[in-house]
Structures are given as structure tokens and as C-alpha cells.
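> What follows is the residue order along each chain.
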Amino acid sequence: MLARGEPVVWLTGSGLVIGLLMVTVLVGYVFYQGLITFWPRPVVALTTPDGRTHLGEVTRTDTFIPPPDLIPGLTGALRERAEAQTAREEGALGRRLLRTGNFELTGEHFRWVEDYLIAEGGESRPEWALVFERTTWGRFYGFPTALVLGGEVVAEDPSRIWEMFQDHHGGDHPAGAVLRVRTASGEEKELDLTEIVRAYPANRLGFLDKVRVYASRWNEFLTAEPREANSEGGVFPAIFGTVVMTLAMTILVVPFGVMAALYLREYAKQGWLTSVVRISINNLAGVPSIVFGVFGLGFFCYIVGGGIDQVFFSDKLPSPTFGTGGIMWASLTLALLTLPVVIVATEEALAAVPTSMREGSFACGATRWQTIRRVVLPRALPGVMTGAILAMARGAGEVAPLMLVGAVKLAPDLPLDLEWPFMHPERSFMHLGFHIYDLGFQSQNSEAAKPMVFTTTLLLMGIVLFLNAAAIRLRSGLTRKYTGSKF
Amino acid sequence: MGMPLMRKESTAMDAKPAPFDRLAAIVAGETVPPEIHSEVKAEEAILQVEGFNLWYGEKQALFDIGMPIPRGKVTALIGPSGCGKSTLLRSVNRMNDLIDTVRISGNMRIAGDEIYGKAVDVIELRRRMGMVFQKSNPFPMSIRENVVYALRINGERNRAVLDEVCEKALRGAALWDEVKDRLDESALGMSGGQQQRLCIARAIAAEPEMLLMDEPCSALDPIATSRVEELILELRGDYTVLIVTHNMQQASRVSDYTAFMYLGQVVEYGPTARLFTNPRLKETEDYITGRFG
Ligand SMILES: Nc1ncnc2c1ncn2[C@@H]1O[C@H](COP(=O)(O)OP(=O)(O)O)[C@@H](O)[C@H]1O
Ligand SMILES: [Mg+2]
Numbered sequence: 001m002l003a004r005g006e007p008v009v010w011l012t013g014s015g016l017v018i019g020l021l022m023v024t025v026l027v028g029y030v031f032y033q034g035l036i037t038f039w040p041r042p043v044v045a046l047t048t049p050d051g052r053t054h055l056g057e058v059t060r061t062d063t064f065i066p067p068p069d070l071i072p073g074l075t076g077a078l079r080e081r082a083e084a085q086t087a088r089e090e091g092a093l094g095r096r097l098l099r100t101g102n103f104e105l106t107g108e109h110f111r112w113v114e115d116y117l118i119a120e121g122g123e124s125r126p127e128w129a130l131v132f133e134r135t136t137w138g139r140f141y142g143f144p145t146a147l148v149l150g151g152e153v154v155a156e157d158p159s160r161i162w163e164m165f166q167d168h169h170g171g172d173h174p175a176g177a178v179l180r181v182r183t184a185s186g187e188e189k190e191l192d193l194t195e196i197v198r199a200y201p202a203n204r205l206g207f208l209d210k211v212r213v214y215a216s217r218w219n220e221f222l223t224a225e226p227r228e229a230n231s232e233g234g235v236f237p238a239i240f241g242t243v244v245m246t247l248a249m250t251i252l253v254v255p256f257g258v259m260a261a262l263y264l265r266e267y268a269k270q271g272w273l274t275s276v277v278r279i280s281i282n283n284l285a286g287v288p289s290i291v292f293g294v295f296g297l298g299f300f301c302y303i304v305g306g307g308i309d310q311v312f313f314s315d316k317l318p319s320p321t322f323g324t325g326g327i328m329w330a331s332l333t334l335a336l337l338t339l340p341v342v343i344v345a346t347e348e349a350l351a352a353v354p355t356s357m358r359e360g361s362f363a364c365g366a367t368r369w370q371t372i373r374r375v376v377l378p379r380a381l382p383g384v385m386t387g388a389i390l391a392m393a394r395g396a397g398e399v400a401p402l403m404l405v406g407a408v409k410l411a412p413d414l415p416l417d418l419e420w421p422f423m424h425p426e427r428s429f430m431h432l433g434f435h436i437y438d439l440g441f442q443s444q445n446s447e448a449a450k451p452m453v454f455t456t457t458l459l460l461m462g463i464v465l466f467l468n469a470a471a472i473r474l475r476s477g478l479t480r481k482y483t484g485s486k487f
Numbered sequence: 488m489g490m491p492l493m494r495k496e497s498t499a500m501d502a503k504p505a506p507f508d509r510l511a512a513i514v515a516g517e518t519v520p521p522e523i524h525s526e527v528k529a530e531e532a533i534l535q536v537e538g539f540n541l542w543y544g545e546k547q548a549l550f551d552i553g554m555p556i557p558r559g560k561v562t563a564l565i566g567p568s569g570c571g572k573s574t575l576l577r578s579v580n581r582m583n584d585l586i587d588t589v590r591i592s593g594n595m596r597i598a599g600d601e602i603y604g605k606a607v608d609v610i611e612l613r614r615r616m617g618m619v620f621q622k623s624n625p626f627p628m629s630i631r632e633n634v635v636y637a638l639r640i641n642g643e644r645n646r647a648v649l650d651e652v653c654e655k656a657l658r659g660a661a662l663w664d665e666v667k668d669r670l671d672e673s674a675l676g677m678s679g680g681q682q683q684r685l686c687i688a689r690a691i692a693a694e695p696e697m698l699l700m701d702e703p704c705s706a707l708d709p710i711a712t713s714r715v716e717e718l719i720l721e722l723r724g725d726y727t728v729l730i731v732t733h734n735m736q737q738a739s740r741v742s743d744y745t746a747f748m749y750l751g752q753v754v755e756y757g758p759t760a761r762l763f764t765n766p767r768l769k770e771t772e773d774y775i776t777g778r779f780g
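Line by line, the protein sequences give chains A and B. Numbering-wise, the numbering used here puts 396 at position 396 of the first sequence, and it's gapless, one number per residue. Count along the second sequence from 1, then add 487; that gives the number in the numbering used here.
Don't read these hints as lab results, they were simulated from the structure. Hints should not be assumed to be uniformly reliable.
Stated by the list, open to error - Result set (EDC-like, lysine to aspartate or glutamate): computed pairs, CA atoms no more than 16 Å apart in a straight line:
| hint | chain 1 | residue 1 | chain 2 | residue 2 |
| --- | --- | --- | --- | --- |
| 1 | A | Lys481 | B | Asp608 |
| 2 | A | Lys481 | B | Asp584 |
| 3 | A | Lys481 | B | Glu632 |
| 4 | B | Lys622 | A | Glu359 |
Unchecked claim - Covered, in the sense of this in silico footprint (three residues per stretch, anywhere, with C-beta under 8 Å from a C-beta of chain B), are these stretches of chain A:
| hint | region |
| --- | --- |
| 5 | 9-17 |
| 6 | 359-370 |
Here a beta-carbon is modelled for each residue, glycine too, at the ideal position from N, C-alpha and C.
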């Protein structure tokens, strides 16, 4: 058995399976959560024994073990329902988290509603419950009562209101276009059409309508700026910042890495010194990334940036221009971080160039540099690209050092725009990785932000995948050109 | 470097030298003067090797090589593998300079010019020779750029000149008809035989004074081999060819002169026909008939 290597096959195979399984589960979970977030859910109205009705979307269901004095303290039908449920659920009670919105009226975005509180018939899906996404105060759930245009009530019937609302929303509408709505608990509220981003009658939507809402949300997510402390709206500045930062980093790191590798492999006399340098470079790859962040902050931002400010922007001091975090410093910091990857990959590629090719070039009377430039480098280019791809994958997923050198929660001013001088390397920027951290751990409305964590993660993975795929395509083109048979 | 004990000076030119075991002497570390036929000496030499020794670190690979290479002729180096044929060939265009541990003594002159002189520009020197390697080594560029590589690195930009050289070299390498329609395609897409002929085209493109070939056919199939051999025969006269081969049939087919080497020394060097049919030394005969090696 052992001679035939079968246990080894099983061992190695199981290693692969475990790895694949972990990747599949992780990616599958992110995909699932990321993809369902924007799908419109039905709006339910739950009436509790105190007579209040809560209107909203169910975002979560779970069970809890009631405190010991809860059920004995109940009476009548409540107690019956609670006991029936604990008997069924092995002592647990069910509850649902309702996104109720209407924060300015209720002071809460979400509310837990225990299942035993809801009597037979206490739950419904009202036809004309509208979901509003607004520019401020988060979501609003309510029933339309009137549409007012220019101070005049033009519609009072819900279907008529909805029709006219769609005509006027988004386009030109006269000043004072207001939608009057009533909440489930009977409070009246006027919503200005300009503050409504999106509205839809959740329980009336057919499949196609849902798809339309879904698409419109994705569209907003990908192209708009964030709203509501990043928990709503889009992440376009973060996408842009991530891509620009990653590309700038790659452009910075590849020439440096290639030069270093060229010197190490082609010019330096191989000996203990080059070995020490190689070991140091490899160890550099193991330094925690936050250390690079600290270095970037201290060296690039404060020393280099501070120096630039002293010389060129002294009129603006003490407020720093370059002397603080910015996309250029972030790119440079990550370039340092990923330098070992590029050096190692390039060195391998250079070592793999056949000696016979170099000798052929020397025999033609080429100098060392001519040989490197015309024969060795073109041949090693696919390997260099591999290094760039690895660097990109590493750099795009890095967050910790960025927090120190320029990634911020909100930066609507993009690092590249149409305003002279078009490139603003000193600007701080948004980054998807930092955005995920911000949504997940820094958000005041964390329940609302949580789903966005998954969509943003999905997006970041997609972008890294896309950048890699593009680079791999480029590389296979180069491979074909320089080692294969066709140009 | 002690003289062999039993050795007698050969008197007459064509008389067989006194029997003595040269190979044993060489193995024992003695330097044995080569048996060089008078026909070789009568030729005009383009390359003169004089008292040339070469060491890889502590290990000596060439011992007191002295031989003229006739101009416009094909000279083959034969001998068992590891005897220093490639080392000698690579010493001619100083490719051994690329190996840190190599040390040499002695001298070589090409057309009267020192090869190992202090003031010699190695780059310039290498441009005077073309080299073809055992394994074909086209560069990662188009067929055209491969052929004109030597001119390009020399700074030639004129398209007309380059095109002319390219065509001439490819015709010289009997490759023109096969590739004239795809000069801009990658050279790496050619067959093994084509690649080797491309390397020959590249080697002759700059019109070198000498062509150095290190087992140019050993990686080729029989058909490609015979094409390259035909090519070498065609190049004879225009070019001086120094070719290493361990295939004795090949040596007898393509070369005018043959030198038999053993453990870093030249044993016998003479006209190919004679060396293969009627060698002066028994050792050569033994090697040629396959009794050792
Ligand atoms: N780069 C090198 N470093 C050390 N020794 C070498 C090197 N190249 C060749 N040699 C040694 O020199 C001797 C001659 O080698 P070579 O010229 O390649 O022989 P041949 O071409 O006749 O087979 C061999 O013993 C070989 O081991
Ligand atoms: Mg050899």
C-alpha cells in the first residue's frame, strides 16, 4: 500500500478537499448574503397586545430562552401561546427582528417582536404599505394618504397617489411636492419628494418589479456616494479609491522590484551577502502589515510629506497638504509591503531564463545590459507579471496599514477628477476594505449596516478577481509572445 | 609536465611514431605533444592556438593546446565527452569569461590579433565570430529580429540594410524559402531543425571571420541533421568553421580536418580522410573504431 503511495494520495487529497471546502463555504456565504441584501422583502404589520402595530421588514428570526418569570407572569391567550411554543421549541420562544424605520418618530430603526405576542390574525401584509429609502433618517414605512403638489392635494386614493408619485418622483416636480403618509400607529408625516431616494409598495410587487428594485439598488450601490453614515447608498468612491490605489501601488512596486531583482540576480556577485539580502527580503514579507502602516505614517506622511508642505505649501500651514495620509502615501506604503513578493517572483523568473539564451546573446557580441534588456527581461516578463498579480492581490486586500496612511470613512472628493490638476495624490480616499471595517464595527446603525458588509465584501472580492483576471490575461498574452509560438 | 620516459622523437614525417601508450601517459597527467600532420601546417591559419591552458578553479581542463585552424576550411574536434572540446571552442570567443572560476594561460590569435591580450575588447572580439550551440537558442522575438540581432545591438537602424542582411543570412542558412512569409512571427514557433538553422543564420548575419559550432546537430532528428550538414558544406570556403561533434560519421562527412582530443589534450590532428582511414596513431584508430570512448 505504502509502496504504491495510496495513503499519501489520500492525505494530500484530503488537504486539498479541506482547503477547497473552506473556500467554498466562505465564498458561498459571502455570495448568498451579499446577493440577497438588495432583494426587496415583503412588509409585515404585526399587532401586539398593547394595541400597537409595527410595520416593517423581517430581517432576522431567532429563538431565545425566556427569563424564568416571563411565562408565569403572563395571562390568558398570551400564556397559552407562549406555553404551546416553549413545549414545541424545547423551552425557547421565537422572535423576529423587524426593521421598522421611522427613526425620527420612534427613536429606533429595529425592534424585536416576540411571536407569542401576535394573536391569530394579528399579522398581515398590507397592500399599500410603502417602503421609502430617504436621504436622511433612514427608511420609512407607512401608508400614503395624499399627494400634494404646489400646496394642492392632487390625489387621495393610494393607487392614484402611487401612479402620480411615480410620474413626479425623480423628474422635475413643482416646489412643494409632498407625499403625506401615515404610519402604522396612526402618526401623520409629510415626506418631501426630494428627500425620497426610492419608494415601492413592497407587498404589491410582482417578480419583475422586484428585479427592478433589486437592479436599481445595485446600480445605486455601484455608482452613488454613501448616505446615512455609509449604511445606505453607494460605495462608488470606495471602489474608485480601491482601484486607483491598487493600480498606483502596482505601478510603483513593479519597477522597484524588477530593478532590485535584476541587481540581485544579474549583477551582484552571488555570495553570503546576497544570501543575507534574500533572507531579509523574504522576512520582510512576514512583517505585520500594520508595521508598514506605522512606517508609512512616520516616514512618508510626516517626514516626506511634512517636508513637501514646508517647501511648497507653507502658506497653508499648519493645516497639512501632503503632511497627512493620502492616496500617494498609501500606495507607496503598500508598494513597500508588496515589494518582497515582486522581488522573489522576478528573481525566480530571471533564474528560469535558460543560460543558453544568455550565452547566445553574449556570443553575438551583446553587452550584459543589452542581453538583459533584449533577451532576459522579455523572456522573464510573464514571471514578473505573476509577481505583479500576487502583489495586487495582497495589496488590494490590505486594510490595517491604510487606516494610518490615508483611508478614511468618507471622502467624496476622488483622487482623480476633472478639476485641475486632475490628479490629487495628497487626497485621502475611501477603500472597500476599510469600508467593510467601518460598516461592521464603527456604524451606529449596525443592524442596517451589516448586510452592506456582505455586499461590500462581495464587491471587493469581485474587484480583486477582476484585476487579477485582467493581469492574468495580459500575462498569458505575454507568455504566448515570449515563450510560445505566436506573437 | 615531465617528458614521457619511453618516448622517441619521430624522425620521418610519415613514419609511424614509435609505439608508446599516449593515453596512459595522458591519464597519468603527462603533457604529450600532439601528432599534427604536415597538411595542416601547410594551410594558412586563421586561428593560432599556442600553449593554451585552461583551469576551472583547481581543475585543469585544457593542457598546452597548440594548433592552427586553417582559413576557409571546416575543422572538427572529436573525442570522448568531457575531453574539453566545448571548453576549447568557447575559449576562442572568450565565452569562458562568463564563468568566474576560469583561469587561462597561453595565447590564441585570430587573423594575427591577440584574443587574450589586455587591451582586447571582448564585445568586439565576439562580433568577429559566430557561435552555434548544442541546443538551439532562438531569442524571444521575431524571426527577423533574431537574425539581425548582432546588427541591432551594434546600433544598426537602417531598415533596408537590416532587411538585406536578414534575407542574405536566411538564404545562407537555407531557411529563406521556408520563413520568408513569416519573418515577423515568433522564432519560438519554428521546428527544432528550423530553429537551429535560424541560429546559424543569426551567427553568419554579421559576416563573422569564423563560425564556432558546438555539436549543432545533437538535438536534431536525422532529416534536420542532414540539412544542417549540407549547410555546413555550403558554408565551407566562405567561412572558417570550427565544429565540435561526438558523431564521427558527421565529422567525416562535413570536415576537412579533424583533431582528436583526449582529457584536455590534442592527440592527433590531420586531414579528415586520413585520420579516419589511416590514422598515424593507434590511439586514434582505437577511438575511431570504437574500441574506447
Ligand atoms: N563550468 C564548468 N565548471 C567546472 N568544470 C567544467 C565546466 N564546464 C566543463 N567543465 C569540465 O571541463 C571538462 C571539459 O568539459 P567540456 O569542454 O564540456 O567537454 P566536452 O565538450 O568535450 O564534452 C570536463 O571535465 C568538465 O567536467
Ligand atoms: Mg561539449
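> Does each hint fit the structure? Answer for all of them.
Structure-based check of each hint:
| no. | hint | in the structure |
| --- | --- | --- |
| 1 | A:Lys481 <-> B:Asp608 | violated, 34 Å |
| 2 | A:Lys481 <-> B:Asp584 | violated, 32 Å |
| 3 | A:Lys481 <-> B:Glu632 | holds, 14 Å |
| 4 | B:Lys622 <-> A:Glu359 | holds, 11 Å |
| 5 | 9-17 | violated (count 0) |
| 6 | 359-370 | holds (count 10) |
Consistency with the previously given hints fails for numbers 1, 2, 5, ordered from lowest to highest.
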